[in-house]
Amino acid sequence: MVTAKNLTKKFGDIHAISDVSFAVEPGEFLFLTGPSGSGKTTLLRLILRELLPDSGSLVVNSHDLVKLKKKELPQIRREIGIVFQDFKLLPDRNIWENIAVPLEVRHLPKSQVDQAVKIALELVELSDKPTLFPAQLSGGELQRIALARAIAGKPKLLLADEPTGNLDPKTAKLIFKLLKDVHSELKTTVIVATHNAELVNLYSQRVISLNKGKLIKDSPAGKYE
Amino acid sequence: MSSHFEIALNRVRRSPYQAAAAISIMTMSLFLGCIFFLIAAGSQVILKFFETRPQINAFFKSDYVPSSSQVESLKSRLEATGKVGTVIYVSKEDALVVYKELNRSDPLLMEAVTAQMLPSSVEVSAKDPNNLKELAALLRTEEGVDDVRFAEDIIASLTKWTSSVRVVGGFLVGSHILITFFIIVLIIGIKVANRRDEITLMQLVGATPGYIAAPFVWEGIFYGLSGAVMAWGITYLILLYSMGFLVSFLAGIPILPPPIVFMLELLLGEIALGSLVGGLGGLLAVRRYLKA
Chain H
1 MVTAKNLTKK FGDIHAISDV SFAVEPGEFL FLTGPSGSGK TTLLRLILRE LLPDSGSLVV
61 NSHDLVKLKK KELPQIRREI GIVFQDFKLL PDRNIWENIA VPLEVRHLPK SQVDQAVKIA
121 LELVELSDKP TLFPAQLSGG ELQRIALARA IAGKPKLLLA DEPTGNLDPK TAKLIFKLLK
181 DVHSELKTTV IVATHNAELV NLYSQRVISL NKGKLIKDSP AGKYE
Chain F
1 MSSHFEIALN RVRRSPYQAA AAISIMTMSL FLGCIFFLIA AGSQVILKFF ETRPQINAFF
61 KSDYVPSSSQ VESLKSRLEA TGKVGTVIYV SKEDALVVYK ELNRSDPLLM EAVTAQMLPS
121 SVEVSAKDPN NLKELAALLR TEEGVDDVRF AEDIIASLTK WTSSVRVVGG FLVGSHILIT
181 FFIIVLIIGI KVANRRDEIT LMQLVGATPG YIAAPFVWEG IFYGLSGAVM AWGITYLILL
241 YSMGFLVSFL AGIPILPPPI VFMLELLLGE IALGSLVGGL GGLLAVRRYL KA
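Chains as they are written, first to last, in the UniProt record's numbering: chain H, 1 to 225; chain F, 1 to 292.
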């Protein structure tokens, strides 16, 4: 699903990602760990093709992101769901409309959009709040809505960038459980960038550890280091 | 398309002052456009009216009456030049009818004049006003012709006036349209900047640039459309209000009231121009951001 070879990304003189190579199989669930500034977010932004690497290659779902033409980019991104630490929900749209955003950009018929939003809301257990606006929800609920938006389009790959960074431990646990549910129910490949050691250790999944932009450890059923 | 238009309308509703500013400036520019177009079209019709009137009057000597074969021969020679629109022979009797018609309010003048006192003449209109001089010179050489008069100055000054209206109007309307375009870019640009996060999110979830730009373009079109309808309505109201004055001012020149089809065509033209300016303004505003 994702193959990175000798991936390097610099911001000025700083190596955000330095000579990183790894592969993620379809249907895999993995944690991307490391301290702040280790390159987790940069790596996710590279996978989402928000950034281009300075060198190396990156193939996502059989698309070479380095050689990708600009007009092909929207189609690739529709195959990827993303959950942000700061949710990035649109404040002037209600919950239903927020979840519908990635579906509407695909020009799907309204009935199909409604059906997908309904299923996503049920999965995150927020079916009773479709008409509320983001300002009326708690942090945990907002992150569940962000997750619902990311999975509504049944993406092949789900990226979560510090999805529990702003949440209390109990809500963080719930979000991790939902991510696991999505992985097992939809067979989606899931990459979660986090520095929540407790939850990483709880799930015993593959862990890729980064430090100062370098891949320092890639262990199946690993622990947070 | 309909959902993009709905989004655009929602955005207009949520920022009524910006929308009012955009529609006002659009209305003002298109109103100017309407007025100058009507003046240009009206002066063109007036020019055409004068062009199709007899432009050269060749008067025969008062004691000379050309025979019908002479008149036909003269007509043939004039028509052979290919520069003549119409040639009408006005006999002494015809001239008296015209004279009486012109002086019917003055019985004294009508009684004092007989047909024999008036000269017969030919009235000639040229296909192109530039040929008036040449035709007048030709008529002067004809047998029995005493005097030739032609409306060269009137046509020349009308032509000059019409082209001046076009140039001045074109410049004024053009510069206003340009200013309007930049104001639309500015207003929609502010909205684009306010929705930076939304646009970024749209890009990250796979929206095409066209999908992101469409509501902004529709918003510009909405401003153009509203401005066009308002400008046209104001112009039409002013025209209807001034109709009495204009009809008496333009006595004898049949251009008023303007045909409804013409006014509807003007409305369509205004809508097309307004939508183009607004739509392009919206596109430019959002494209600058999408490129950045």
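I should point out that these hints are in silico values taken from the structure, not numbers from a laboratory.
The structure presented is a predicted model; accordingly, all values stated were derived computationally and were not measured.
Idealized CB from N, CA, C, for every residue including glycine.
It is possible that some hints are incorrect.
Okay, the calculated beta carbon distance ranges per label pair [claimed, not checked]:
hint, chain 1, residue 1, chain 2, residue 2, range
1, F, S15, H, P109, 37 to 45 Å
2, H, T131, F, Y17, 54 to 62 Å
3, F, I7, H, K217, 46 to 54 Å
4, F, R13, H, D114, 46 to 54 Å
5, F, F182, H, F22, 25 to 33 Å
6, F, V168, H, R93, 20 to 28 Å
7, F, L237, H, P130, 44 to 52 Å
Some chain H residues close to chain F (C-beta under 7 Å, calculated; not the full set) [claimed, not checked]:
hint, residue
8, A23
9, V24
10, K67
11, K69
12, K70
13, P109
Problem - Assessment of proposed distance window 54 to 62 Å (beta carbons of T131 (chain H), Y17 (chain F)) - result: The hint (54 to 62 Å, Cβ to Cβ) is violated, given that T131 (chain H) and Y17 (chain F) are roughly 28 Å apart.
Exercise for the section: Return the status of the interface hint for A23 (chain H): holds when the least beta-carbon distance to chain F is below 7 Å, violated otherwise. Expected result: At 24 Å from the nearest chain F Cβ, A23 (chain H) fails the 7 Å test, so the hint is violated.
Handout entry: Cβ distance range 46 to 54 Å for I7 (chain F) and K217 (chain H), holds or violated
Key = 47 Å, holds
Exercise for the section: Given the hint of 46 to 54 Å, check if R13 (chain F) and D114 (chain H) actually sit that far apart at their C-beta atoms. Expected result: Taking Cβ atoms as reference, R13 (chain F) and D114 (chain H) lie about 24 Å apart, which means the hint is violated.
Handout entry: 20 to 28 Å as the expected CB spacing between R93 (chain H) and V168 (chain F), which holds or is violated
Key = Cβ of V168 (chain F) to Cβ of R93 (chain H): about 49 Å, so the range 20 to 28 Å is violated.
Practice task
With a cut-off of 7 Å on the beta carbons, see whether K67 (chain H) makes it to chain F.
Solution key: 19 Å, violated
Problem - Interface hint for V24 (chain H), Cβ within 7 Å of any Cβ on chain F - result: 20 Å, violated
Exercise for the section: Closer than 7 Å between Cβ atoms is the bar; does P109 (chain H) clear it against chain F? Give me holds or violated. Expected result: 12 Å, violated
Handout entry: Satisfaction of the hinted span 44 to 52 Å by the C-beta atoms belonging to L237 (chain F) and P130 (chain H)
Key = Hint holds: Cβ distance 48 Å, inside 44 to 52 Å.
Handout entry: Status of the given 37 to 45 Å range, CB of P109 (chain H) versus CB of S15 (chain F)
Key = Check failed, 31 Å falls outside 37 to 45 Å.
Problem - Cβ distance range 25 to 33 Å for F182 (chain F) and F22 (chain H), holds or violated - result: 50 Å, violated
Handout entry: Restraint satisfaction for K69 (chain H) [CB to CB of chain F, less than 7 Å]
Key = Since the shortest Cβ distance to chain F is 13 Å, the answer is violated.
In summary, the numbered hints that this structure violates are 1, 2, 4, 5, 6, 8, 9, 10, 11, 12, 13.
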